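Novice: These are the residues of each chain, in order.
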Amino acid sequence: MNYFEYSRATDVADALRLIAADPGARFVAGGTNLLDLMKENVARPTRLIDISRLPLTEIEETKDGGLRIGALVPNSDLAWHPAIEQRYPLLASAILAGASAQLRNMASTGGNLLQRTRCVYFYDTTTPCNKRDPGSGCAAIRGVNRNHAILGTSEHCIATHPSDMCVALAALDARVRVAGGAGERTIPFDYFHRLPGDTPDLDANLRADEIITAVELPPRGFAENYTYLKVRDRLSYAFALVSVAAALALEDGNIAEARLALGGVAHKPWRDREAEGTLAGKRPTAKNFERAAEALLAGARGFGHNDFKIELARRTIVRALGQAARGTPQSQSDKRIA
Amino acid sequence: MAQRDAARSAERFPTPAKIAITLRVNGVEHKLTVAPWTTLLDVLREHLDLTGTKKGCDHGQCGACTVLLGGRRINACLTLAVMKDGEEVTTIEGLAQGTMLHALQQAFIEHDAFQCGYCTPGQICSAAGLIAEGRARTADEIRELMSGNICRCGAYPNILAAIEQVLAGQKGAEAAR
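Protein sequences, first through last, are from chains A and B.
The first sequence maps to residues 4 to 341 in the working numbering.
The second sequence maps to residues 399 to 575 in the working numbering.
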């Protein structure tokens, strides 16, 4: 770990002043990802601005009937909050599918959005990586890329976003509230994370002088017909090879609306509204689910070791939609997949 | 020469000032002065000689460094000591009451829930956190909520049995009340 200065922010305005004054500074809240990156010499901040004591820990109702989640609510508190369990069980399930109990106790809501890829080449400072060192190249494209992306990749980067929580937030059409030098704004979840393009060093559309203050959920939680199905190399405490957040609104046995977001397959939680649209007005049948999966994966491309993810994603989507339609969401402790 | 290099290096890379903090560890208050990059794990082991908490991977992947912070289980290796100024930490050394072992310590002995023992302090602190959370009821749930603690010897069945025994004992005690 490099030398760095330490400051503790007293309020959001103070945090914004501190970050504006030091371009090498970074905010720290839970620290579960940033400290790890610092130990690996991937992140080398000149100053850590401790925001962990800011009053952003509330979960409250919004005027439109949704919920506002403070950026510093720990992942475990969020997953086990009664309003999340009852109204947004998809979000609770996705959070509990990720990391470990200890890490969920530490990790914050805002920090979960900003965690960085676990691409091994990003972590290995002896290899080229356009995300870590822009212009140096991508070692993953011709390297061991079994865990890498199959959708939305570029010739500069094939890393995946590692979060489970964010996959559910994408499916639920969450919004990200941020504050910055220029005031406050709201970023729709789709536009929060970026595709790599030719600037894979930028994970999110958050400016350097901005801070996440909250994540807002719209009223609809799809609590009846949802699932979070995560497929990984071991049964727990591993990143997704492919994960699917599926949510359905059923009316008279037909699908009125379908939501489908994928993790482990792209640089951001992957949503495809055209693929979702193929299900609107249809019966919830395996054949219709397969058509939606094919539409979603039409542009998928493997890089050798991860070719299997395309077929795995297709099957996981079909399974997940089936679970959601039957109202039998995947348990995150009994790992058998029905 | 070396001195001049050191002086020049200090000029180019001034050492950030150490920071005074207070930690309450196992009920005892400690006033410490630490560099900002010192982890809670290193403070416990190197500054306070509480070596029961183990450094396994030092990356939050193995759980050997699990301690309770304000009663919640966390990975001490991914926590900066300066960020926890004023907080209450419980380590494996703080679980027993005098010579009376904590129920989990006793259960781990009774079920032979270890071989080499390196992960054990983290397993026991993690299990204490799990019991306090009150979310684990079935064996599957215990397994899932203990998955942040790796046992390379593979003592998992006995670790599970030890935790199940303590949970059952608690349920019995509640029912008797």
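No lab work stands behind these hints: they were computed from the structure.
Quantities reported herein were computed from a predicted structural model and do not represent experimental measurements.
Please note that the accuracy of each hint is not assured.
Pairs of lysine to aspartate or glutamate residues, derived as EDC-like cross-links and limited to a Cα-Cα distance of at most 16 Å, are as follows [as the list claims (entries may be wrong)]:
1. B:K429 <-> B:E486
2. B:K569 <-> B:E531
3. B:K482 <-> B:E427
4. B:K416 <-> B:D440
5. B:K416 <-> A:E254
6. B:K416 <-> B:D483
7. B:K429 <-> B:D483
8. A:K42 <-> B:D456
9. B:K429 <-> B:E444
10. A:K42 <-> B:D440
11. A:K66 <-> A:E219
12. A:K285 <-> A:D255
13. A:K285 <-> A:E254
14. A:K338 <-> B:D538
15. A:K338 <-> B:E444
Novice: Now, for every hint given, state plainly whether the structure supports it.
Specialist: Quick rundown of the hints versus the structure:
1. B:K429 <-> B:E486: The given pair, whose Cα atoms are some 13 Å apart, holds under the 16 Å limit.
2. B:K569 <-> B:E531: With a Cα-Cα distance of about 14 Å, the restraint between B:K569 and B:E531 holds, given a limit of 16 Å.
3. B:K482 <-> B:E427: Given that 16 Å is the threshold and the Cα spacing comes to 13 Å, the pair holds.
4. B:K416 <-> B:D440: Roughly 15 Å between the alpha carbons, so the hint for B:K416 and B:D440 holds.
5. B:K416 <-> A:E254: 63 Å, violated
6. B:K416 <-> B:D483: 13 Å, holds
7. B:K429 <-> B:D483: Cα-Cα ~10 Å, so holds.
8. A:K42 <-> B:D456: 9 Å, holds
9. B:K429 <-> B:E444: Distance of about 14 Å is within 16 Å: holds.
10. A:K42 <-> B:D440: 13 Å, holds
11. A:K66 <-> A:E219: 11 Å, holds
12. A:K285 <-> A:D255: The given pair, whose Cα atoms are some 11 Å apart, holds under the 16 Å limit.
13. A:K285 <-> A:E254: With a Cα-Cα distance of about 10 Å, the restraint between A:K285 and A:E254 holds, given a limit of 16 Å.
14. A:K338 <-> B:D538: 9 Å, holds
15. A:K338 <-> B:E444: Given pair A:K338, B:E444 is violated - Cα atoms ~40 Å apart, limit 16 Å.
Hints 5, 15 from the list above are not met by this structure, while the remaining hints are.
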